[in-house]
Each structure stands twice: as structure tokens, then as C-alpha cells.
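These are the residues of each chain, in order.
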Amino acid sequence: DVKVTQSSRYLVKRTGEKVFLECVQDMDHENMFWYRQDPGLGLRLIYFSYDVKMKEKGDIPEGYSVSREKKERFSLILESASTNQTSMYLCASGIDGYTFGSGTRLTVV
Amino acid sequence: KNEVEQSPQNLTAQEGEFITINCSYSVGISALHWLQQHPGGGIVSLFMLSSGKKKHGRLIATINIQEKHSSLHITASHPRDSAVYICAASRSGNTPLVFGKGTRLSVIA
Numbered sequence: 017d018v019k020v021t022q023s024s025r026y027l028v029k030r031t032g033e034k035v036f037l038e039c040v041q042d043m044d045h046e047n048m049f050w051y052r053q054d055p056g057l058g059l060r061l062i063y064f065s066y067d068v069k070m071k072e073k074g075d076i077p078e079g080y081s082v083s084r085e086k087k088e089r090f091s092l093i094l095e096s097a098s099t100n101q102t103s104m105y106l107c108a109s110g111i112d113g114y115t116f117g118s119g120t121r122l123t124v125v
Numbered sequence: 065k066n067e068v069e070q071s072p073q074n075l076t077a078q079e080g081e082f083i084t085i086n087c088s089y090s091v092g093i094s095a096l097h098w099l100q101q102h103p104g105g106g107i108v109s110l111f112m113l114s115s116g117k118k119k120h121g122r123l124i125a126t127i128n129i130q131e132k133h134s135s136l137h138i139t140a141s142h143p144r145d146s147a148v149y150i151c152a153a154s155r156s157g158n159t160p161l162v163f164g165k166g167t168r169l170s171v172i173a
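Read top to bottom, the protein sequences are chains A and B. Just remember that the numbering used here sits 16 ahead of the position in the first sequence, which is counted from 1. Just remember that the numbering used here sits 64 ahead of the position in the second sequence, which is counted from 1.
Honestly, I wouldn't trust all of these hints.
[Claimed, not checked] Quick partial rundown of chain B residues pointing at chain A, CB under 7 Å, derived from the structure:
| id | residue |
| --- | --- |
| 1 | Gly106 |
| 2 | Ser109 |
| 3 | Phe163 |
If you're looking for bench data, these hints aren't it; they were derived computationally from the structure. Here a beta-carbon is modelled for each residue, glycine too, at the ideal position from N, C-alpha and C.
Just chain A, with the same shape it has in the complex:
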């Protein structure tokens, strides 16, 4: 069964902390994506990557960075977490159809 695995289901971090959200896929996909999902706003694209060491800004990249050192792993980094980054974060991989991870609910206090 193909999978996109996100390292944590729930996280609580303090304001100002550096936060790493990890995503691993086992489908040999080149394309990987990070979204955040908020009530009433739907899925918003933060960053995406079409290849190793390659990254592209999405619609809301401010306050985030990413790392893709290996094809199967795409990391989202919150350089200095803020309360407005409290959200559900979803990783996905694929081309025409995406496979999503189960999400990480991050709370910044």
C-alpha cells in the first residue's frame, strides 16, 4: 500500500521555536507538496518540490522554508514559530492525483 507518512500527528511548540515537520513517501514520486489547512480557507500551498534539492514557493511561503535532500523526504521548517502558524499541515506527493499524509496538527503557544 503506497504511503505518505508524516512524522507527527500532533505537535505543541512555543513561540519562537524552530519547528521541523517531516514527510516521507514510498512511491518514488518526484513531486511533493506542503499545505496548511484552516477552517474556511481550505488547503493553501506553502511550498512544493519537483526534484531533489529543488523547491518552489507556493501561495503562502512567508515564515516557512523547506528541504529536499532525498527524493523520498520533504521537510517543512518553521524558522521561528508564531501563533498564527497554528494549523493542520498536510504533505502530499504525486502528479495528476495526489496521495496525502494524515496531517500534523501543530499548535504554537
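Mind docking chain B on chain A? Use the hints.
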């Protein structure tokens, strides 16, 4: 105006009712996707279609390319159909999907 618009935002139905969720898009697309997200759950793909109609069990998806409109129908709705339904558009080329904001469906027994 969002490139992909869904209606309604929220929908409550009685068990057994026929349900329709609508999706309109303003971009040129290569395919239209319908996805489902149960409360607390991950996002799963229901349909990908570029023309006509697809059916899976009690779910039917249709698309009218000329009118840039797609519908998701649920026949004989059941409380387990309660979920957020998301429409997304694939554009030509290797570009990220464009998501609607989702429709929250509650089916009451």
C-alpha cells in the same frame, strides 16, 4: 475570485437524501478531482475525470467542460458520508493542483 469555487460551503441532509455538491472553475484544466476528508482523517481521492461521468458505488461525478462545471452526487446518503468534499483542478503542465475550499457535509440519521 478563487480559481476553483465550491458550493455550498456547508450542507446538512437527512439520511437517504440525494446530495449534490457543485464545483466551478475558471482555469483551463486537464482534469478535475474530487476528494474526501472525514473528521480527523486524511484526504483521499474519490474521482479524477476529464470528461463525462464516473460512478463508484453511491457516488457519481460529472463534468461539463464547456460550462467549466463539475458536480458530485451522493445517492441514498448515509451518516458515514459526513465529511468535507474537496474539488481540485489539474492544469496543463506540471503545476500544482488548485483546490476549492471544500464543502462540509453532515448527514443526519
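So, going through the hints one by one against the coordinates:
With 7 Å as the threshold, the beta carbon of B/Gly106 comes within range of chain A, its nearest partner Cβ sitting at about 4 Å, so the hint holds. Taking 7 Å as the C-beta contact cut-off toward chain A, the hint placing B/Ser109 at the interface holds, the least distance being around 5 Å. Residue-level restraint check for B/Phe163 holds (minimum Cβ-Cβ distance to chain A is 4 Å; threshold 7 Å).
In summary, the structure agrees with every hint in the numbered list given earlier.
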